[in-house]
Amino acid sequence: MGLPGALPVLNEKVVEYAVKLGLGLHSDISLRSKFDRKQYFYPDLPKGYQISQFDIPICRGGYVEVDLPVEFGGGHRRFGITRVHMEEDAGKLVHAGGDGLSGSLYSQVDLNRAGVPLLEVVSEPDMRNGLEAAEYAAELQRIVRYLGISNGNMQEGSLRCDVNVSVRPKGQDKFGTKVEIKNMNSFSAMQRAIEYEVSRQVCLHEEGFESKIVQETRLWEEGSQRTITMRSKEGLADYRFFPEPDLPEVSITQAYVDSLLEDLPELPNTKRRRYESLGLIMQDVLVLANDSDVAAFLDAVLDKGADLKLTANWIMGDIAAYLKSEKTSISDVKLTPATLAELISLIKDGTISGKIGKEILPELLRKGGSVKEVVEAKGLSQISDPALIEGIIKQVLSSNPKQVEQYRGGKTKLQGFFVGQVMKATGGRVNPTVMNEILLRKLTA
Amino acid sequence: MFPHLRLSGSLPCLAAMPSIAPAMPTPSHLRFFLTSACPPHPFLSFGKSFFVRYCTRIGYTKPYQDQDPKQCPIPSKMQMESSFGGIVCKSRGCQTLCQPPGANVQQRPVSEICRIRDDVLQRKKSAVQITEDYLSRLHETEPHVKSFLYVSEKALEEAAELDRKLGNNEEVGPLAGVPIAVKDNLCTHDMPSTGGSRILEGYRPPYDATAVRKLREAGAVLLGKTNLDEFGMGSSTEGSAFQVTSNPWDLSRVPGGSSGGSAAAVAARQCAAALGTDTGGSIRQPASFCGVVGLKPTYGRVSRFGLMAYASSLDVIGCLASSVLDTAILLSVMAGEDKSDATSSKKDVPTYAASLLPLNLASSKPFEGLKFGIILETIGEGVNDGVLSLIRDAALHIEALGATVTEVSLPTFSKGLPAYYVLAPAEASSNLARYDGVRFGFRADGDELVSMYGQSRGQGFGLEVKRRILMGTYALSAGYYEAFYRRSQQVRTLIQKDFRTALEENDVLLSPVAPTAAFKIGSTFIRIHGSPSLGESDW
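Sequences listed follow chains W and Z, in order.
No gaps in the numbering here: position 422 of the first sequence is 422 in full-length UniProt numbering, and each next residue is one more.
No gaps in the numbering here: position 20 of the second sequence is 20 in full-length UniProt numbering, and each next residue is one more.
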């Protein structure tokens with residue numbers, strides 16, 4: 001609120017999170033850093049200054065490794081990080097009666113989040129298109145979620161992104177004038193905004209109007225899918241930085257940093273490399289390593305000795321579908337990694353069929369329990385006895401003489417029909433391999 | 001080196017009280033106070049301390065416990081004569097103040113807090129009676145002195161509550177029943193807190209400053225809020241947006257500033273003690289001008305939470321009272337680490353009063369082995385002759401008490417003021433940015449945001465405040481930060497070094513508080529368009 005006489009106090013957690021993030025980004029951690037006041041007037045800034053870190057941020061340097069989505073051509077990138085620093089949030093302005101500031105009747109100031117600590121990550125200008133930038137942001141989101149320091153939710157405002165875009169003629173070393181874009185609230189919006197801005201600037205260059213590209217802040221308009229001028233920066237604002245006298249220097253020990261490093265979880269990029277080396281294809285790797293809970297589940301199942309490909313398929317297929325339809329997460333289902341491993345091995349050794357496995361999965365997810373219990377309770381074990389199967393097949397064939405004749409006449413597609421009939425007769429429990437072998441034999445006999 | 005001390009006929013009742021070591025951390029062995037002591041009292045355990053008789057000889061204002069309380073301390077007919085740079089009272093009424101009829105000149109000052117506590121605990125007087133006494137004196141003298149911006153309506157209620165507790169034999173704090181005034185830049189949740197400025201006229205904070213809270217918890221009765229130069233910027237209290245406080249000793253003179261209201265209130269016996277704040281002398285100078293004791297603690301000793309910030313790295317909260325013992329008691333109550341103030345010191349708070357020795361336990365040469373250094377740069381050009389002679393007299397007396405007194409030079413001393421004049425306004429320009437009319441305080445209408453800011457601050461702030469904000473903004477702006485702010489911080493480090501060196505060689509450093517005694521109201525003060533603005537000598 002910036003009340004008279006109020007003083008700031010440093011929140012220990014933000015230091016911990018800053019160090020964790022710095023470690024996750026391979027940055028240098030400054031054992032001694034300080035706070036500075038960044039001064040400007042605005043209604044959402046109650047003190048008239050923001051406590052930030054100017055010249056000695058807590059983390060310097062670092063990089064982020066990104067695997068571009070397969071559907072966009074894939075590829076591996078490394079983007080540099082300039083710095084990570086701690087600062088406090090300002091309040092939020094709500095403009096009533098219009099879409100934004102202009103056109104609104106009045107504005108309201110919500111100060112609930114003013115003073116809440118933030119971490120600001122500044123990247124090097126290493127990205128070359130909207131996709132790379134969006135993937136960079138997505139990777140940062142992945143990292144902060146893995147580290148447990150934020151839910152990184154752009155819609156909620158837990159993750160906010162501003163971009164700076166510039167273009168330059170091919171072959172020129174010097175960067176062009178950069179333009180800041182604000183107001184993107186999803187990664188895809190970011191990508192589109194950047195692409196729009198790039199094309200806007202390139203057009204201006206091509207028409208000879210490159211001087212019209214000025215250092216300014218533009219707003220992304222989701223409705224019209226374009227950027228519009230918000231305010232011109234008129235050169236750099238003078239924030240009159242000076243060291244914050246109300247907060248002492250932030251001093252941490254190497255031992256503290258080391259202890260956080262020890263407890264750091266496996267980071268997304270390391271996980272991706274590991275899954276890749278285990279033999280998964282890139283597309284699957286990206287899906288499985290996206291959510292740390294999912295990856296942890298997968299790792300736990302693999303620990304029980306289950307087959308990688310099968311496990312991956314179960315997780316990405318049936319389990320993912322269930323999670324989506326029930327709007328739940330993998331950490332909330334009753335199915336344990338051990339149970340999934342059990343399921344996979346029981347299918348593999350023929351105790352139950354794959355089809356049955358899929359049938360009982362929802363129950364396992366919803367209620368838990370072991371596979372053996374459920375199978376026994378429902379009498380769902382697989383029928384693999386060839387004699388029994390042959391008997392059933394004989395029955396099916398004799399009940400459908402017309403289709404048999406059609407099949408023998410050339411309509412081999414009807415095999416599916418017979419398979420369906422056998423499945424029906426056995427309640428889905430028949431071993432498909434054995435059944436197919438006997439069925440074909442009988443049909444072609 | 002110094003002429004032998006000679007007692008003059010009538011005692012000057014106002015003197016430049018030598019002030020000890022400014023805002024620097026004091027070595028741990030520096031525990032001696034030039035003070036008076038209270039006779040051993042059950043609740044205060046005394047160890048070693050000193051009683052310094054020289055205080056009475058120099059004319060250190062004695063508390064007036066033997067005064068007839070009904071007598072108005074402001075004489076109706078006063079003739080003040082400036083002599084020795086101090087003020088000699090010639091009128092009979094004022095004479096009474098310094099020397100109670102028939103009183104022994106050598107009588108030691110007694111702690112007002114001790115006396116009140118004695119009366120209250122032994123049921124000689126009720127807390128209500130004591131508060132009534134002070135309030136009646138307050139109301140009688142206020143039309144002349146004008147030290148209060150707000151007088152509490154709940155004081156008697158609070159006192160009555162104390163009496164009830166005492167009646168039930170409940171425990172009460174060390175300041176039970178003591179009426180205390182609070183400078184108006186300290187937040188009090190039940191009284192307006194204006195900082196002496198129109199921009200906070202009528203503002204009521206939702207919380208108490210930590211120092212205020214601690215006083216309340218100790219049982220003090222808060223009488224009201226005292227006048228000050230706006231946001232602490234000034235050295236005469238003429239910079240207040242509301243009223244000019246008069247020095248009780250001479251109503252045509254300033255009480256000093258910025259804690260002028262607090263100093264005047266104590267001097268006029270409107271309260272037993274008062275809280276003040278000091279950034280560049282704002283407790284010490286008014287204490288000197290009003291002839292009371294002012295204590296400016298080391299930065300970080302008392303939490304700044306709830307103090308309307310002027311210069312964050314310099315501001316401290318301290319106290320003014322009629323005896324050093326009282327300030328020691330108050331400091332013990334107020335001091336200590338505060339989680340709400342990241343700059344507050346973690347060091348333990350000793351019972352400062354325990355370092356004060358009653359006279360009858362002191363030897364004849366209590367300062368044997370101590371080294372006192374008079375800061376050479378403070379007794380040179382521009383210092384009033386009267387002040388100089390008083391310092392020399394003090395030095396003689398200290399020598400007579402067994403100490404070695406020398407002159408010590410702090411070569412960077414003169415750089416202190418210019419460095420202060422960059423750093424304090426720079427920090428102030430930032431600390432005062434929050435007064436924008438948006439969330440609290442005075443707001444002027446404007447067509448749009450910038451004009452609302454401009455009008456609110458333009459009309460709400462006084463000229464001196466605006467001047468300092470502009471200076472500070474300039475000193476921090478791009479292209480000037482290095483030359484002004486950073487440079488001043490470096491100078492500050494050098495000044496600290498000099499003080500540390502001097503304090504390694506000396507146990508105590510002495511200097512006059514100000515180059516003169518209290519000056520006339522309006523003399524350094526140019527009225528421009530009816531708004532106050534200060535000329536030179538700013539603390």
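By construction, these hints were calculated from the structure, which means they are not laboratory data.
Glycine is no exception: its CB is placed at the ideal position from the N, C-alpha and C atoms.
A portion of the hints provided could be inaccurate.
As the list claims (entries may be wrong) - EDC-like, lysine to aspartate or glutamate: derived pairs with alpha carbons at most 20 Å apart: (1) W:Lys367 x W:Glu342; (2) Z:Lys165 x Z:Glu142; (3) W:Lys170 x W:Glu139; (4) Z:Lys346 x W:Glu124; (5) W:Lys13 x Z:Asp341; (6) W:Lys372 x W:Glu342; (7) W:Lys34 x W:Glu12; (8) Z:Lys339 x W:Glu12; (9) W:Lys38 x Z:Glu482; (10) Z:Lys365 x Z:Glu482; (11) W:Lys442 x W:Glu390; (12) W:Lys34 x Z:Glu482; (13) W:Lys411 x W:Glu437; (14) Z:Lys347 x W:Glu249; (15) W:Lys174 x W:Glu216; (16) W:Lys38 x W:Glu249; (17) W:Lys38 x W:Glu71; (18) W:Lys34 x Z:Glu161; (19) W:Lys92 x Z:Glu399; (20) Z:Lys415 x Z:Glu448; (21) Z:Lys365 x Z:Glu399; (22) Z:Lys346 x W:Glu249; (23) W:Lys355 x W:Asp332; (24) Z:Lys415 x Z:Asp507; (25) W:Lys174 x W:Glu210; (26) Z:Lys339 x W:Glu249; (27) W:Lys378 x W:Asp332; (28) W:Lys367 x W:Glu437; (29) W:Lys348 x W:Glu326; (30) W:Lys174 x W:Glu249.
Unchecked claim - Partner residues aside, some chain W positions facing chain Z, computed with beta carbon under 10 Å: (31) Met1; (32) Leu3; (33) Pro8; (34) Leu45; (35) Pro46; (36) Tyr63; (37) Leu111; (38) Gly115; (39) Tyr196; (40) Val198.
Now for the hints, and whether the structure bears them out:
Proximity of Lys367 of chain W to Glu342 of chain W is assessed by CA-CA distance (about 16 Å); at most 20 Å being required, the pair is judged to hold. Using a Cα cut-off of 20 Å, the hinted pair Lys165 of chain Z and Glu142 of chain Z is violated, with the two alpha carbons roughly 31 Å apart. Among the hinted pairs, Lys170 of chain W with Glu139 of chain W is inconsistent with the structure: their alpha-carbon atoms are about 28 Å apart, more than 20 Å. As the CA atoms of Lys346 of chain Z and Glu124 of chain W are separated by approximately 41 Å, the hinted pair breaks the 20 Å bound.
Only pairs whose Cα atoms come within 20 Å are accepted, and Lys13 of chain W paired with Asp341 of chain Z is accepted, the gap being roughly 18 Å. Of the pairs offered as hints, the one joining Lys372 of chain W and Glu342 of chain W holds, with about 8 Å between alpha carbons and a cut-off of 20 Å not exceeded. Distance hint between Lys34 of chain W and Glu12 of chain W is fulfilled; the C-alpha atoms sit about 14 Å from each other, no more than 20 Å. This hinted pair checks out: Lys339 of chain Z and Glu12 of chain W have alpha carbons roughly 13 Å apart, not beyond 20 Å.
Between Lys38 of chain W and Glu482 of chain Z, the direct Cα distance comes to roughly 16 Å. Compliance with the 20 Å bound is thereby established for this hinted pair. With a C-alpha separation of about 51 Å, the suggested pairing of Lys365 of chain Z with Glu482 of chain Z is violated against the 20 Å cut-off. Pair hint Lys442 of chain W plus Glu390 of chain W holds up; C-alpha atoms about 9 Å apart against a cutoff of 20 Å. For the hint linking Lys34 of chain W to Glu482 of chain Z, the alpha-carbon distance of about 18 Å falls within 20 Å, and the restraint holds.
Among the hinted pairs, Lys411 of chain W with Glu437 of chain W is consistent with the structure: their alpha-carbon atoms are about 18 Å apart, no more than 20 Å. Among the hinted pairs, Lys347 of chain Z with Glu249 of chain W is consistent with the structure: their alpha-carbon atoms are about 18 Å apart, no more than 20 Å. Taking the CA atoms of Lys174 of chain W and Glu216 of chain W, the gap is about 19 Å. The hint holds against a cut of 20 Å. Distance hint between Lys38 of chain W and Glu249 of chain W is fulfilled; the C-alpha atoms sit about 17 Å from each other, no more than 20 Å.
For the given pair, Lys38 of chain W sits about 43 Å from Glu71 of chain W by alpha-carbon distance, which is inconsistent with the 20 Å threshold. In summary, the hint linking Lys34 of chain W to Glu161 of chain Z is not supported, as the alpha carbons are separated by about 47 Å, beyond the 20 Å threshold. Restraint check for Lys92 of chain W and Glu399 of chain Z: not satisfied, since their Cα atoms lie roughly 65 Å apart, outside the 20 Å limit. For the proposed pair Lys415 of chain Z and Glu448 of chain Z, the alpha carbon gap of about 43 Å is over 20 Å, so the pair is violated.
Of the pairs offered as hints, the one joining Lys365 of chain Z and Glu399 of chain Z holds, with about 9 Å between alpha carbons and a cut-off of 20 Å not exceeded. Straight-line distance between C-alpha atoms of Lys346 of chain Z and Glu249 of chain W comes to about 15 Å, which keeps the hinted pair within the 20 Å bound. Between Lys355 of chain W and Asp332 of chain W, the direct Cα distance comes to roughly 25 Å. Violation of the 20 Å bound is thereby established for this hinted pair. A C-alpha spacing of about 23 Å is found between Lys415 of chain Z and Asp507 of chain Z, which places the hinted pair above 20 Å, so the restraint is violated.
Between Lys174 of chain W and Glu210 of chain W the alpha-carbon distance is near 15 Å, which keeps this suggested pair within the 20 Å criterion. Between the alpha carbons of Lys339 of chain Z and Glu249 of chain W the distance comes to roughly 16 Å, so the proposed pair stays at or under 20 Å and holds. Straight-line distance between C-alpha atoms of Lys378 of chain W and Asp332 of chain W comes to about 25 Å, which puts the hinted pair past the 20 Å bound. About 36 Å separates the Cα atoms of Lys367 of chain W and Glu437 of chain W, which puts this hinted pair outside 20 Å; it is violated.
A hinted pair counts as satisfied when its Cα atoms are at most 20 Å apart, and Lys348 of chain W with Glu326 of chain W does not qualify at roughly 28 Å. Only pairs whose Cα atoms come within 20 Å are accepted, and Lys174 of chain W paired with Glu249 of chain W is rejected, the gap being roughly 37 Å. Satisfaction of the interface hint for Met1 of chain W is found here, the shortest Cβ-Cβ separation to chain Z being roughly 6 Å, below the 10 Å cut-off. The restraint placing Leu3 of chain W at the interface with chain Z holds, with a minimum CB-CB distance near 7 Å, inside the 10 Å limit.
For Pro8 of chain W, the interface hint holds, since its Cβ comes within 10 Å of a Cβ in chain Z; the closest pair sits about 7 Å apart. Evaluation of the Leu45 of chain W hint against chain Z yields a held restraint, the C-beta minimum of about 9 Å falling below 10 Å. Given hint, Pro46 of chain W at the interface with chain Z, holds; its Cβ is 6 Å from that chain's nearest Cβ, closer than 10 Å. Contact between Tyr63 of chain W and chain Z, as hinted, is not supported at the beta carbon level, the nearest pair being about 32 Å apart and thus beyond 10 Å.
With a cut of 10 Å, the hint placing Leu111 of chain W at the interface with chain Z holds, because the nearest CB-to-CB distance is about 8 Å. Nearest Cβ of chain Z to the Cβ of Gly115 of chain W: about 13 Å, over the 10 Å cut. The hint is violated. Using the Cβ-Cβ criterion of 10 Å, the hint placing Tyr196 of chain W at the interface with chain Z is not satisfied: the shortest such distance is roughly 30 Å. The beta carbon of Val198 of chain W comes no nearer than 31 Å to any beta carbon in chain Z, farther than 10 Å, and the hint placing it at the interface is violated.
Hint violations for this structure: numbers 2, 3, 4, 10, 17, 18, 19, 20, 23, 24, 27, 28, 29, 30, 36, 38, 39, 40, all remaining hints satisfied.
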